[in-house]
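**Student:** Which chain is which? The protein sequence lines are A and B, in order. Counting in my numbering, the first sequence runs from 1 upward without gaps. Counting in my numbering, the second sequence runs from 1 upward without gaps.
Rather than coming from a laboratory, the hints here were simulated on the basis of the structure. A virtual CB, placed ideally from N, CA and C, is assigned to each residue, including glycine. Be careful, since some hints might not be right.
[As the list claims (entries may be wrong)] Straight-line distance between alpha carbons at most 30 Å, and here's what the computed DSS-like set of lysine-lysine pairs gives:
1. A:Lys196 with A:Lys265
2. B:Lys176 with A:Lys255
3. B:Lys154 with A:Lys184
4. B:Lys154 with A:Lys265
5. A:Lys48 with A:Lys92
6. B:Lys214 with B:Lys154
7. B:Lys138 with B:Lys154
8. A:Lys117 with B:Lys78
9. B:Lys43 with A:Lys92
10. A:Lys184 with B:Lys105
11. A:Lys60 with B:Lys214
12. A:Lys92 with B:Lys53
13. A:Lys117 with B:Lys138
14. A:Lys117 with B:Lys43
15. A:Lys265 with A:Lys34
16. B:Lys53 with B:Lys176
17. A:Lys184 with A:Lys92
18. A:Lys265 with A:Lys255
19. A:Lys34 with A:Lys92
20. A:Lys265 with B:Lys78
21. A:Lys34 with A:Lys56
22. B:Lys105 with A:Lys265
23. B:Lys43 with A:Lys255
24. A:Lys184 with B:Lys176
25. A:Lys196 with B:Lys43
[Said to hold, decoys possible] To give an idea of the chain B side of the interface with chain A (calculated C-beta under 7 Å), a few residues:
26. Arg47
27. Asp48
28. Val54
29. Gln59
30. Leu61
31. Ser67
32. Val85
33. Asn109
34. Thr114
35. Ala118
36. Ser141
37. Gly146
38. Trp150
39. Lys154
40. Leu155
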Amino acid sequence: MRPLWIVAAGIGVLVALPAQAQKSSADAIAEYRKMLEDGNPADLFEAKGEALWKQKRGPKNASLEQCDLGKGAGVVKGAFVELPRYFADTGKVQDLESRLVTCMATLQGFNAEEIAKTPFGRGEQDNVTALATYVAAASRGLRFNLPQLHAEERRMYEIGKRVFYFRGGPYDFSCASCHGEDGKRIRLQDLPNLNKNPGDGIGFAAWPAYRVSNGQMWGMQLRLNDCYRQQRFPYPGFGSEATIAVSTYMGVNAKGAESIAPSIKR
Amino acid sequence: MTVMLIHHPTKIAAVITLAAAISSCSTLPSSGELDQQAVATMKASFRDQGIAKVDRLNQDLGQRACSSAMAPSDEVAKRIESESVATIKWPAGGRYLGDWREGEKLAQNGRGMTWTDASAAPKDNGANCYNCHQIDKKEISFGTIGPSLWNYGKLRGVKDVTDAAAAPIVQYTWGKLYNSKAYAACSNMPRFGHMGLLDEDQLRHLMALLLDPKSPVNQ
């Protein structure tokens, strides 16, 4: 049961609405998010992800409960806010989604290349998104703190910075074209400045997210994929080095920012 | 780091790889080497999809020089600008202005050139203007990456676009739309003419939206 004063405040907001014809879309979206806080559809993906984590699946009929997301086999809480990071067994810096695919391959016997080639929202790729949502949710409220001790982690940050500023394509855009300054918008959409810490729950600290406009759950890989589409670039491979490098860049820049993932977006 | 070696060596090749990694543990590759690695990473990470081919990652001088938080040197910026000026194709017959109504439609249209678009032909492209600019004040959904263009012609004193006094601003505006890098080497704005995004008539319509005294922009 919610306290009566919240209900009263809610009515107050509704009554006040017509007087605020010029209310910014950011305010409207923030209000909408507030209303959905108790019922973010991402919860359904989180629950699905948790079930998938524990379920024996794949050619090896095994669960993912022994998956090492960076904090030891089976440790889920706190893993999200330290990814991407270096993994000795693959010899690579991996983000959450590519690491989940590694675990699905090694523990469950799935074909990692097949999953990487599967379009977003289909088959095992849809399961990766649910799993990522579950893992991210276990770190909700924790602060980003990506490790930068291994040389490869520091190299990937440096590569990611260069990927972030890489201009190309018919529009000459880079990530920085839209996300390199404070207080900018495209149409009415606020754009986080991602060359530094954009603050709690913003940018890298907000994905995976449920998108109200298309009713889809998006992980960071799909978020980046659609950025590159709108950047008029060719198609980034799922888990490709550029996507993980730029994620490392954003994740390290977000040091200390609170994760609100899985969040809800327009 | 050597502890890792003791715990995990499997094959000689792996040891050599690890040793190589460890030797660079304290020092990163040089900035120049990282630049080269980043370009290689980009090339290896993308594939063709629809009209969006990987050759879109082949950078020209301006794209390469403006791919950093640091602006290029004055010398390089000047070279980009002068080379960009040389690319500007001036409109046939000296006709600079089209119909501002068509210009407004193009300015509203943010479509084109993505891998989900079927064609890269100018007729299938929008001009994306409102994504980044305020233009007609009646449109409240505008972006702020570029400056406001409200009263663009009026503020610059354009009363008659055929008047010789208006020629410099008319020509500058055409050049800016055609190749924005002619006047600012690292401009955020796409090069609508030079990159074949819009054709001459579409550019004329945008010119009219900005400069025609009858355009709602100049009221």
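**Student:** The structure should be examined with respect to each hint, and the outcome stated for every one.
**Tutor:** Going through the hints against the structure:
{"no.": "1", "hint": "A:Lys196 with A:Lys265", "verdict": "holds, 21 Å"}
{"no.": "2", "hint": "B:Lys176 with A:Lys255", "verdict": "violated, 40 Å"}
{"no.": "3", "hint": "B:Lys154 with A:Lys184", "verdict": "holds, 26 Å"}
{"no.": "4", "hint": "B:Lys154 with A:Lys265", "verdict": "violated, 40 Å"}
{"no.": "5", "hint": "A:Lys48 with A:Lys92", "verdict": "holds, 28 Å"}
{"no.": "6", "hint": "B:Lys214 with B:Lys154", "verdict": "holds, 10 Å"}
{"no.": "7", "hint": "B:Lys138 with B:Lys154", "verdict": "holds, 17 Å"}
{"no.": "8", "hint": "A:Lys117 with B:Lys78", "verdict": "violated, 44 Å"}
{"no.": "9", "hint": "B:Lys43 with A:Lys92", "verdict": "holds, 18 Å"}
{"no.": "10", "hint": "A:Lys184 with B:Lys105", "verdict": "holds, 23 Å"}
{"no.": "11", "hint": "A:Lys60 with B:Lys214", "verdict": "violated, 72 Å"}
{"no.": "12", "hint": "A:Lys92 with B:Lys53", "verdict": "holds, 27 Å"}
{"no.": "13", "hint": "A:Lys117 with B:Lys138", "verdict": "violated, 45 Å"}
{"no.": "14", "hint": "A:Lys117 with B:Lys43", "verdict": "holds, 18 Å"}
{"no.": "15", "hint": "A:Lys265 with A:Lys34", "verdict": "holds, 11 Å"}
{"no.": "16", "hint": "B:Lys53 with B:Lys176", "verdict": "holds, 27 Å"}
{"no.": "17", "hint": "A:Lys184 with A:Lys92", "verdict": "violated, 35 Å"}
{"no.": "18", "hint": "A:Lys265 with A:Lys255", "verdict": "holds, 22 Å"}
{"no.": "19", "hint": "A:Lys34 with A:Lys92", "verdict": "violated, 39 Å"}
{"no.": "20", "hint": "A:Lys265 with B:Lys78", "verdict": "violated, 42 Å"}
{"no.": "21", "hint": "A:Lys34 with A:Lys56", "verdict": "violated, 37 Å"}
{"no.": "22", "hint": "B:Lys105 with A:Lys265", "verdict": "holds, 28 Å"}
{"no.": "23", "hint": "B:Lys43 with A:Lys255", "verdict": "holds, 29 Å"}
{"no.": "24", "hint": "A:Lys184 with B:Lys176", "verdict": "holds, 22 Å"}
{"no.": "25", "hint": "A:Lys196 with B:Lys43", "verdict": "holds, 26 Å"}
{"no.": "26", "hint": "Arg47", "verdict": "holds, 5 Å"}
{"no.": "27", "hint": "Asp48", "verdict": "holds, 6 Å"}
{"no.": "28", "hint": "Val54", "verdict": "holds, 5 Å"}
{"no.": "29", "hint": "Gln59", "verdict": "holds, 5 Å"}
{"no.": "30", "hint": "Leu61", "verdict": "violated, 11 Å"}
{"no.": "31", "hint": "Ser67", "verdict": "holds, 5 Å"}
{"no.": "32", "hint": "Val85", "verdict": "violated, 17 Å"}
{"no.": "33", "hint": "Asn109", "verdict": "violated, 12 Å"}
{"no.": "34", "hint": "Thr114", "verdict": "holds, 5 Å"}
{"no.": "35", "hint": "Ala118", "verdict": "violated, 14 Å"}
{"no.": "36", "hint": "Ser141", "verdict": "holds, 5 Å"}
{"no.": "37", "hint": "Gly146", "verdict": "violated, 10 Å"}
{"no.": "38", "hint": "Trp150", "verdict": "violated, 16 Å"}
{"no.": "39", "hint": "Lys154", "verdict": "violated, 24 Å"}
{"no.": "40", "hint": "Leu155", "verdict": "violated, 22 Å"}
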